[in-house]
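Chains S and G are the protein sequences, given in the same order.
Add 1 to the 1-based position in the first sequence for the numbering used here, that's all there is to it.
Add 1 to the 1-based position in the second sequence for the numbering used here, that's all there is to it.
There could be a bad hint or two in this list.
When chains are identical, the list treats them as one kind, so a pair holds in a single copy or across two.
Using 30 Å as the maximum straight-line C-alpha spacing, the simulated DSS-like pairs for lysine-lysine come out as follows [to be verified]:
id, residue 1, residue 2
1, K496, K547
2, K452, K331
3, K555, K574
4, K555, K496
5, K248, K27
6, K333, K517
7, K521, K331
8, K521, K16
9, K573, K333
10, K496, K516
Worth flagging that the hints you see were computed from the coordinates, not collected in a lab.
2 protein chains.
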Amino acid sequence: MISSIKRFLIGRPLKSTALGEQKLIKTKALAILSSDALSSVAYGPEQILIVLVTLGTLAFWYSIPIGIGVLILLAALILSYRQIIFAYPHGGGAYVVSKENLGVTPGLIAGGSLLVDYILTVAVSISAGTDAITSAFPALHSHKVGIAIIFVLLITILNLRGITESASILAYPVYLFVFALFILIAVGLFNILTGKVSPDLSAPLGTPVAGISLFILLRAFASGSSALTGVEAISNAIPNFKDPAPKNAAKTLMAMGILLALLFSGIVFLAYYYGISPRADVTVVSQIAEATFGRNGMYYFIQGTTALILILAANTGYSAFPLLAVNLAKDKFIPRMFTIRGDRLGYSNGIIILGFASILLIIAFNGQTEHLIPLYAVGVFIPFTLSQTGMMLKWIREKPRGWIVKLIINTTGALISFTVTIVFFLTKLDRVWPVFIFLPLIIFVFHRIRKHYVAVGDQLRITTCEPAVPIEGNVIIVPVAGITHVVENSINYAKSLSADQIIAVYVSFEREDEKKFEEKWKMWQPDVRIVTLHSHYRSIIQPLTKFVDTVEHKASESNYQVTVVIPQFIPKKGWHNILHNQSSLLIRSFLLYRRNVIITTVPYHLKK
Amino acid sequence: MISSIKRFLIGRPLKSTALGEQKLIKTKALAILSSDALSSVAYGPEQILIVLVTLGTLAFWYSIPIGIGVLILLAALILSYRQIIFAYPHGGGAYVVSKENLGVTPGLIAGGSLLVDYILTVAVSISAGTDAITSAFPALHSHKVGIAIIFVLLITILNLRGITESASILAYPVYLFVFALFILIAVGLFNILTGKVSPDLSAPLGTPVAGISLFILLRAFASGSSALTGVEAISNAIPNFKDPAPKNAAKTLMAMGILLALLFSGIVFLAYYYGISPRADVTVVSQIAEATFGRNGMYYFIQGTTALILILAANTGYSAFPLLAVNLAKDKFIPRMFTIRGDRLGYSNGIIILGFASILLIIAFNGQTEHLIPLYAVGVFIPFTLSQTGMMLKWIREKPRGWIVKLIINTTGALISFTVTIVFFLTKLDRVWPVFIFLPLIIFVFHRIRKHYVAVGDQLRITTCEPAVPIEGNVIIVPVAGITHVVENSINYAKSLSADQIIAVYVSFEREDEKKFEEKWKMWQPDVRIVTLHSHYRSIIQPLTKFVDTVEHKASESNYQVTVVIPQFIPKKGWHNILHNQSSLLIRSFLLYRRNVIITTVPYHLKK
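Work out the full structure, taking the sequences as your base and the hints as a guide.
Here is the structure:
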């Protein structure tokens, strides 16, 4: 039953050899890997205006130089990640780059930040998209959390079905969104050029503004930079691309950069020229759309695709998180279950954990995840800074052809990213302080896990340990509950193993019982020694364990191995199990985990 | 950790030989077994008045003849159960009596009714007691469900600690309640006799009442009879009494009957003489107390002990349910885990299940369990009727000395109980219809369970089945995941068993891997055959099961037994387990439950 539900939801299992077919072509990759970055133009420009409006509307012209600053940062990031893609063609992004060039701890800081960040991405973008929907249909408002959870589940299932399948479904909304914004920008510019928009709506560039300070400008710049979250996703996901993967990934990255730059500058410019002020109830994009088209079909088309892409931005997290987890798991910093491919060849454990964690976040914050945005931005810019610093060191160390240009690109990126990070810490410490708790904690856990795996590896490796103690003989203990076919079966098996000694053990709860049982046993199995143990506390495990300990102690002196053969009858139907005291299971797990004995279970399958 | 919490809550385990010390003396038995019956005088008389008030206050004098009817029923029940105690000294009550005299199905109807009824007892009385508390402290009202659940947990823990211990704690409130009511009745009667109460408050006996009908009188009688729920508890619990158990139980039963009769008739009479009308917000007992004492300390004492005994009435369920469950389990109608005594010698599984089920009921009805009262009353009178009919047949069949008197007592009881049951069905069908669903269902389940146990017994019994197939030789399959100490350990063990064939099986996910592994294996263990299986779907279980099937098929032709030896390393700390893919556990349970192979787990205990 469970397996057919599973099959219905995620489809039939795929052979490992089908892995190549699951790889992405450029257009699909662009859709599923850049939805996060592209969706941020829906709120990035607004963030700049929200800071500037504190100085009055005259200050809005600063959005143009700040926007240019963001474009420079974008260019630096795109060029830098392009270099990373070619330098690390097996994927990796910030974690691998930082680890290889700066050391393990910077790598873990980058990896840990991103791991948490992708969970935040999913929670924040699904909540934002749900907000957009419940704003349109207020009746749904009280079901916000439920709707958000359903979206997370849908995207999780889509990703479990496999990346090509989810890419096919998700590509349309992404391209529709890009298309809608291009029309908006084109019509807006056409109106401006044909003089349909009064140039008096906005203060000209260079108008002096009272109270302007570097701090406020930096803060506006940092806020605007939140539009760049998500650009690192492609460099993490190179293994998902069709061959030649690095080349395809680089082309996709460039395409995303150009799209992002065009959309971002278009929106910033239109917002400035239209003299738009940020409002609590209507977004900046919505105001531009209304000013350009009025409230007609085109306006609703733009609003609809915007809501959709905000939800789909979550998908970037689903593409990048499992691959980052694989890298961390291969280095033994997180459980190795993250390296296993599921039925549909995706890294399903990563996908499931990501969905589960985001649902927890959505529930914990009751769907109000806006407060998490600064935290989320910091979680992106820390790894940006680290990976570009790593690339700087790489160029200085390796000095390949044209390294000066490469160094300049990465240095620019590193400096701007670092500035943005510091500005976040200085201006929004009340929101980003959790970083100082969870980053050290997560790095501590990473190290503990790795320490365990290394210790296990050392103990298991044949070359490094002492030789195994030879087994000189076998003693078999059979706990018996009566004289039945189940017991007969186990005794026969024990006899067939030609052990040196077989001891049947009977635990009695009442004294009168013991003698009677021993006599009956001797009649039935005269050649198997019977030991009866009395249980004062009605526990089978306690006297049995004590007995096993005694036997084991004596056996180990002469290198004899003790095996406990447990008779177990297996009912025909699952529900029958609750009708039987599962003593055999209890005995098994207790002895196996706590004592140095071998446990053999002899099943006796009931036929009715 | 868990075991020390357990020890703190329920105390250290007791030896089986301490069972005698856990038996009850009469005064304690009276306290814990009659709290249900005694507490019902707090609402029984009121139930009569609630029916009569529909005809106006003039009809209240009918409460006197109806009360006498209830007393006759009480006398018949007490005398009848006294006869049951001596006839069935090992306890049993309605289930055993009905089963032995009327047959299995009537027995199961009685047993099933009571089983469900004890759950209702707990839920209803705890809710009623919580109501009394939240009426006194309205601030607690919104926490009603939580408070009720805490009370259930407390009483559950008290019962898990053992019956004598709970009896010692619970005896005080019960006797205080009896004491408080006696004072109330005595002072009330004194006031009446000294003429302090005007005789004009009530209509004289025999006043004609408009609209009176047999139906209404029967309905008032049936409602009043709900004060008799709980009188069967003692006959179920005879095994809990100190020796001579039947004699002590009979004396306790008589004491309870007399107390109940006195309190019931006192309250009915005072209510009549004071001319008290039932009110929604104040109980009848509370009105009598106020009329007698005014709102002084004595009034609050009566109110407090009443609230307490309503909660403690739940305890009767805890005393009777586990013992009834033991009787049903011994007859194989419910899982045999109910026959196991826990650490403190109580039947802990019954206690835990009862607590759990009542909490579910309280949550499901959000603490509003009043609607369940009629259901609960029917659930008592069905077994009353059945057990007394059973006793009638017993006397007719056995004809002991003085059987005519005994027959008359039981016949009276049977007729009245039957009438009450029918009246409930006629007048409160909207509340008691679930009986017609759950009784057939529960009896169906009883039979299914018994059928399974009988089938299992037949299959296990040595005498009735075909002889076991002899084992001519052993084939051992060792699934290996690499060349490690864990595998070495298992291979060495397999070799020590002098099996006829040992096959190591390696499941590979990648083709290149296979050759390399086979070569390495042949260098390492040249004398153990290695088979590599390729997994197309990244599952270990699928190819392994297929291989085991093939080997098993071939082996069974020549009566060879197949054993799968699973190497498993046991981490030092529990949390380490999540860091390892528990393939060995999966393989084990899959093969054990679905295939006819023996599973041996060879543990390799890690040291760090």
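Hint by hint, here is what the structure shows:
Taking the shortest alpha-carbon separations for K496 and K547, both the intra-copy value of 24 Å and the inter-copy value of 28 Å come in at or below 30 Å. For the identical chains of this complex, K452 and K331 are intra-copy neighbours only, at 14 Å inside a copy versus 53 Å across copies, given an alpha-carbon limit of 30 Å. Proximity of K555 and K574 under a CA criterion of 30 Å is satisfied inter-copy only: 27 Å between copies versus 41 Å inside one chain copy. Taking identical chains as interchangeable, the C-alpha atoms of K555 and K496 lie at most 30 Å apart whether they share a chain (21 Å) or sit on different chains (22 Å).
With identical chains, the CA atoms of K248 and K27 are at most 30 Å apart within one copy only, with a shortest distance of 10 Å there and 90 Å across copies. In this assembly of identical chains, K333 and K517 lie within 30 Å of each other by CA distance solely across copies; the values are 24 Å between and 58 Å within a copy. Proximity of K521 and K331 under a CA criterion of 30 Å is satisfied inter-copy only: 23 Å between copies versus 59 Å inside one chain copy. For the homomeric pair K521 and K16, the shortest alpha-carbon distance between copies (27 Å) is at most 30 Å, but the shortest distance inside one copy (57 Å) is not.
Taking the shortest alpha-carbon separations for K573 and K333, only the inter-copy value of 18 Å comes in at or below 30 Å, while the best intra-copy value is 42 Å. In the homo-oligomer, the alpha carbons of K496 and K516 lie at most 30 Å apart inside one protomer (25 Å), although the nearest pairing across protomers, at 38 Å, exceeds that limit.
In this structure, every one of the numbered hints holds.
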